[in-house]
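Number of protein chains: 2
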Amino acid sequence: MTKFDEATQAIRVDENTYDVCLDPGYAIGGPLNGGYLMAVVLRAAVDASPFEHPVSTTAQFLRAPVAGPAQVRVESLKAGRTAAFARATLVQNGVAQIEGLITTATLGDAEPMYADGPSHDMPPVEECVKLPDPKPESGMTLNAQMELFFDPPTIGWLKGEPTGRPESRAYFRMAEPQDPDPYVLALAVDALPPVVFSAGGRGWAPTVDLTWHLRALPAPGLLTVLASGRLVSDGWFDEEVEVRDSTGRLVAQSRQLARVGRG
Amino acid sequence: MTKFDEATQAIRVDENTYDVCLDPGYAIGGPLNGGYLMAVVLRAAVDASPFEHPVSTTAQFLRAPVAGPAQVRVESLKAGRTAAFARATLVQNGVAQIEGLITTATLGDAEPMYADGPSHDMPPVEECVKLPDPKPESGMTLNAQMELFFDPPTIGWLKGEPTGRPESRAYFRMAEPQDPDPYVLALAVDALPPVVFSAGGRGWAPTVDLTWHLRALPAPGLLTVLASGRLVSDGWFDEEVEVRDSTGRLVAQSRQLARVGRG
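Listed in order, the protein sequences are those of chains A and B. Every letter in the first sequence is one number past the one before it in this note's numbering, and letter 186, counting from 1, is 186. Every letter in the second sequence is one number past the one before it in this note's numbering, and letter 212, counting from 1, is 212.
These are calculated hints, taken from the structure and not from any lab test. As the structure is a prediction and not an experimental result, all values here were calculated from the model. Mixed in with the good hints, there may be bad ones.
[As the list claims (entries may be wrong)] Just some of the chain B residues that point at chain A, by a computed CB distance under 7 Å:
hint : residue
1    : T58
2    : A115
3    : P118
4    : M122
5    : W204
6    : D234
[Claimed, not checked] Derived coverage of chain B by chain A (criterion: at least 3 residues anywhere in the stretch with Cβ under 8 Å from a Cβ of chain A; other residues may be distant):
hint : stretch
7    : 41 to 54
8    : 60 to 69
9    : 79 to 93
10   : 206 to 212
11   : 249 to 258
[Said to hold, decoys possible] Computed from the model, here is a short list of chain B residues facing chain A with C-beta under 8 Å:
hint : residue
12   : P24
13   : A96
14   : T103
15   : A110
16   : M113
17   : D116
18   : W157
19   : K159
20   : G160
21   : E161
22   : P166
23   : S233
24   : D238
The beta carbon of each residue, even a glycine, is placed where N, CA and C say it ideally should be.
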């Protein structure tokens, strides 16, 4: 069991309730990372389902839970032959923190009937760059859990040279060796700095809601995470993420609606 | 009040319950159209919210409700300064049919900080084509409620010439003159034939879940609906829709996960 497996563990305490312990190692400043929190919720939802894989997850980020004990309450809405639907709520101190709708199914490994190529080319990993280590006092503990190798222009904003478009692209793997699985993908779809930083945005950009689809089980190796946005307007922006596995297969798609920071 | 406004009316009967009457004029064969059903749910959710606009909607399509009376149950999850979160369930004969998570806010009309162009060019509307009227016995009553002018290659599948890619593109307006609003957009994001028809798929392609974001209030005039998919695999496909108003502004974005028909 890896540290990530442990940090996302959900222990069933009754038919609808799971105990979890939110790990301080997944913080981005004060709050915990949304992708990590989704992975925790999904552990419970998949355990409670007759199917194996979370094919669709929507999370509304109502509040920012803190590290420590919490519960996931799972309510089955319908279990059919192909898919099951459930509502899952992350609760801390009796207050709902994340509200989720999760569809589970069991994916096979058939050859696709149709598959698009990647939406953007990546340079080879040797030409990609890491972000500088965050200062210990920043509370960015998440950075130590994963390794990201960025397409250089998409972190130009770090030295005052944003590309002018909302975008962020990187290769991704867990710092502790681990093959990617659906829970790692939940982390990956929300792991990069907000795309709005490349369009001149700054500061804490809270996710309001995020939907992601698991399209295939990832092969071992590096993931490629391609993130972009279409519209930054009225304080809102969309962030769309496509994740491909080491064979180039589309394994996850997400879109989140988030607020532009005031920083 | 237009026929569409009437068909989507939600009348509050107590703090959390709205009476609705599902209209047989929005059927696609037997079942009612998912976009229409979302519009009905949104009428209730927005009425119950302190904010004016449904900025984010996720719907799980649990079952296929029939025309006639139903209820929408709305439960507020949190109302903050910028946005409010609610769960909304369409219930018929005591059984949940659609489970929704809806985020509301009030959109302004500020100039965007960043705006992408359309993902695909459309020919002028004069070069676009309508679908043939469905046979009365087909039960496709939805077609009479709206006017769609298709980019010709994307309905090539009708004469056995699919493009080979999951795609569908059309100009859209209501048959009864009405300016587009968020409820019309809920219909528009699920109004075109499934994109998988252009990739060789056939038959009833049920939506499993759909998430759409309202990005701006649409200007009067024709909408442009651009739909595409990235992966058709293992019986599942994604359908992504971008809706632009008559000024070219991005007003709605959606993605649904659906099943390939066996037809």
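Hints and how they fare:
no.	hint	in the structure
1	T58	holds (4 Å)
2	A115	holds (5 Å)
3	P118	violated (10 Å)
4	M122	violated (17 Å)
5	W204	violated (14 Å)
6	D234	holds (5 Å)
7	41 to 54	violated (count 0)
8	60 to 69	holds (count 3)
9	79 to 93	holds (count 4)
10	206 to 212	holds (count 3)
11	249 to 258	holds (count 4)
12	P24	violated (24 Å)
13	A96	holds (6 Å)
14	T103	holds (6 Å)
15	A110	holds (5 Å)
16	M113	holds (4 Å)
17	D116	holds (4 Å)
18	W157	violated (13 Å)
19	K159	violated (20 Å)
20	G160	violated (18 Å)
21	E161	violated (16 Å)
22	P166	holds (6 Å)
23	S233	holds (4 Å)
24	D238	holds (6 Å)
Consistency note: the structure conflicts with the earlier hints numbered 3, 4, 5, 7, 12, 18, 19, 20 and 21.
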